[in-house]
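2 protein chains.
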Amino acid sequence: MTHKHFTIDDQATLEALLMHRRDVRGNNFLPDELPQEAIDQILYAASLAPSVGFSQPWEFVIVKDPDVRQQIHQSFNAVNESAASEFSDEKQALYDRLKLEGILETPVNIAVFYKPSAEPVLGQHSMLEAGEYSVVCAIQNMWLMSRAMNIGMGWVSILNPEDVKKALNAPENHKLVAYLCLGYVKEFYATPELETLRWEKRKEIESLIHQDRYPDSYE
Amino acid sequence: MTHKHFTIDDQATLEALLMHRRDVRGNNFLPDELPQEAIDQILYAASLAPSVGFSQPWEFVIVKDPDVRQQIHQSFNAVNESAASEFSDEKQALYDRLKLEGILETPVNIAVFYKPSAEPVLGQHSMLEAGEYSVVCAIQNMWLMSRAMNIGMGWVSILNPEDVKKALNAPENHKLVAYLCLGYVKEFYATPELETLRWEKRKEIESLIHQDRYPDSYE
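From first to last, the protein sequence lines are chains A and B. Residue 209 in our numbering sits at position 200 of the first sequence, and the numbers go up by one each step. Residue 125 in our numbering sits at position 116 of the second sequence, and the numbers go up by one each step.
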């Protein structure tokens, strides 16, 4: 057996990274430039992700151009207004106080696309989403590597994907999986902001686990 | 600034974990039981994942029952036969030699579901997939925590999700995101098996990165 053996200290390091990773928004980013080596290291982490049939179906657009970012930000504004109206009055008041993205506050945005394969992909026959899911694994790798470098990352999902694709001149068959904002931070919060503000409660893990099958009584 | 600062050594540990994580199949698993504490730690890692609007939309079914696993394995066999026929004769010959799952060889399987929220979710308005994607982030956390504990994990996507839901008595509105096989291993391969066997080539990361927008010449 020649493979790498990880230690209990390595496990503790990973656990700390998972615990201290945060979704960072514009109220917590610093405008300082990110070194190219940091961006390269984050994309390298993405490339180490698992992918269905080793298809590596990810593509990345590094967005620094202010005009492009303004277009993306306009899409955020339009969607955000419509999204806010879904909530009760009480929640809307809180929603309106939240800063939910850092598109313009960060030095770098990264759009992450899923590029469907022209050929059949091993393992992507009955569960077609496996391709997109591979891209999400790459994004989580990016998030953790960013945190290990004390760099913040935020995932903006309040966007119209078609607007983003147009702004980025993306091919029609590519699917936008994530739009990410990256930069150094003022602070990594100790807990998720939405937990601190009691927008949602943390679920008890035990309540989310079933043994062998769902009980008939499940609701 | 009171938040946790990670060091260059922590970054190196994470990089090693990302590099040495493998998708493990039935030809490399050992039948030894996993301690309950190990399973708990892996599920704890899942619970630390980011989720859209802090919705934590994941549920887990820990499958040990041999009868349930036989049913899942039958689904694999049926889909696998149909999947193999997609490939050219040459690739089919290689495909038939591959062991692509460890449903019966592992001591524990974990089915991971996305449970849609009955209420609106912050950030899940224009990109509805953000819920499922949160579940995938949790799965990547599980994969990395398993590897840190020198436990192998394999993701089986060659399944009919409806068969799996039926075998697990899953609620109709839950979506199967992943079916995972976990156990100790004979070996973690140094590189992905599909890369070693030249099923697919590793892509050069530079070819997957664009600056500010896709070029008009992109194909």
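Hints listed in this document are in silico derivations from the structure and should not be mistaken for laboratory results. No experiment lies behind these values; they were computed from the predicted model shown. All C-beta atoms, glycine included, are put in the ideal place defined by N, C-alpha and C. Warning: the hint list may mix true and false statements.
[What the hints assert, rightly or not] Some chain B residues well away from chain A (every beta-carbon gap over 10 Å; in silico):
no., residue
1, Gly-35
2, Pro-40
3, Pro-59
4, Gln-83
5, Glu-99
6, Lys-108
7, Leu-113
8, Pro-116
9, Val-145
10, Ala-187
11, Glu-204
[Claimed, not checked] Derived DSBU-like pairs: lysine-lysine, alpha-carbon spacing no greater than 35 Å straight-line:
no., chain 1, residue 1, chain 2, residue 2
12, A, Lys-212, B, Lys-13
13, A, Lys-184, B, Lys-174
14, A, Lys-184, B, Lys-175
15, A, Lys-13, B, Lys-212
16, B, Lys-212, A, Lys-174
17, A, Lys-175, B, Lys-13
18, B, Lys-100, A, Lys-210
19, B, Lys-13, A, Lys-100
20, B, Lys-124, A, Lys-184
21, B, Lys-184, A, Lys-108
22, A, Lys-210, B, Lys-174
23, A, Lys-108, B, Lys-124
24, A, Lys-184, B, Lys-100
25, A, Lys-124, B, Lys-124
26, B, Lys-212, A, Lys-100
27, A, Lys-210, B, Lys-124
28, A, Lys-124, B, Lys-174
Each hint tested on the structure:
Listed as a non-interface residue, Gly-35(B) keeps its Cβ farther than 10 Å from every Cβ of chain A; the least gap is roughly 14 Å. At the 10 Å boundary, the C-beta of Pro-40(B) stays outside the reach of chain A, the nearest C-beta of that chain being 16 Å off. Residue-level check failed: Pro-59(B) sits 6 Å from the nearest beta carbon of chain A, not beyond 10 Å. Distance check for Gln-83(B) against chain A: the nearest CB is about 13 Å away, which clears 10 Å, and the non-interface claim stands.
Against the 10 Å criterion, Glu-99(B) stays outside the reach of chain A, whose nearest CB is about 13 Å from its own CB. The non-interface label for Lys-108(B) is consistent with chain A: the shortest C-beta to C-beta separation is roughly 13 Å, beyond 10 Å. Listed as outside the interface, Leu-113(B) is consistent with that label: its C-beta sits roughly 15 Å from the nearest C-beta of chain A, beyond the 10 Å cut-off. Interface exclusion of Pro-116(B) from chain A stands, the closest Cβ pair being 13 Å apart, more than 10 Å.
Not every CB of chain A lies more than 10 Å from the CB of Val-145(B), the least distance being 4 Å, so the non-interface label is violated. Residue placement check: Ala-187(B) does not keep its beta carbon more than 10 Å from all beta carbons of chain A (closest about 7 Å). For Glu-204(B), the condition that its CB be more than 10 Å from all CB atoms of chain A is violated, with the nearest at approximately 6 Å. Only pairs whose Cα atoms come within 35 Å are accepted, and Lys-212(A) paired with Lys-13(B) is accepted, the gap being roughly 24 Å.
In summary, the hint linking Lys-184(A) to Lys-174(B) is supported, as the alpha carbons are separated by about 27 Å, within the 35 Å threshold. Proximity of Lys-184(A) to Lys-175(B) is assessed by CA-CA distance (about 30 Å); at most 35 Å being required, the pair is judged to hold. About 24 Å separates the Cα atoms of Lys-13(A) and Lys-212(B), which keeps this hinted pair within 35 Å; it holds. About 23 Å separates the Cα atoms of Lys-212(B) and Lys-174(A), which keeps this hinted pair within 35 Å; it holds.
Restraint check: the Cα-Cα separation between Lys-175(A) and Lys-13(B) comes to about 39 Å, which exceeds 35 Å; the hinted pair is violated. About 49 Å separates the Cα atoms of Lys-100(B) and Lys-210(A), which puts this hinted pair outside 35 Å; it is violated. Using a Cα cut-off of 35 Å, the hinted pair Lys-13(B) and Lys-100(A) holds, with the two alpha carbons roughly 31 Å apart. Between the alpha carbons of Lys-124(B) and Lys-184(A) the distance comes to roughly 23 Å, so the proposed pair stays at or under 35 Å and holds.
Proposed proximity of Lys-184(B) and Lys-108(A) is supported: the alpha carbons are some 31 Å apart, at most 35 Å. With a C-alpha separation of about 28 Å, the suggested pairing of Lys-210(A) with Lys-174(B) holds against the 35 Å cut-off. For the given pair, Lys-108(A) sits about 27 Å from Lys-124(B) by alpha-carbon distance, which is consistent with the 35 Å threshold. The straight-line distance between the Cα atoms of Lys-184(A) and Lys-100(B) is roughly 28 Å, inside the 35 Å bound, and the hint therefore holds.
Proposed proximity of Lys-124(A) and Lys-124(B) is supported: the alpha carbons are some 26 Å apart, at most 35 Å. Restraint check: the Cα-Cα separation between Lys-212(B) and Lys-100(A) comes to about 46 Å, which exceeds 35 Å; the hinted pair is violated. Taken as a hint, the Lys-210(A) and Lys-124(B) pair is honoured in the structure, with Cα atoms around 16 Å apart against an allowance of 35 Å. The hinted pair formed by Lys-124(A) and Lys-174(B) meets the criterion: a straight-line CA distance of about 28 Å does not exceed 35 Å.
In this structure, the earlier hints numbered 3, 9, 10, 11, 17, 18 and 26 are contradicted, and the remaining ones agree with it.
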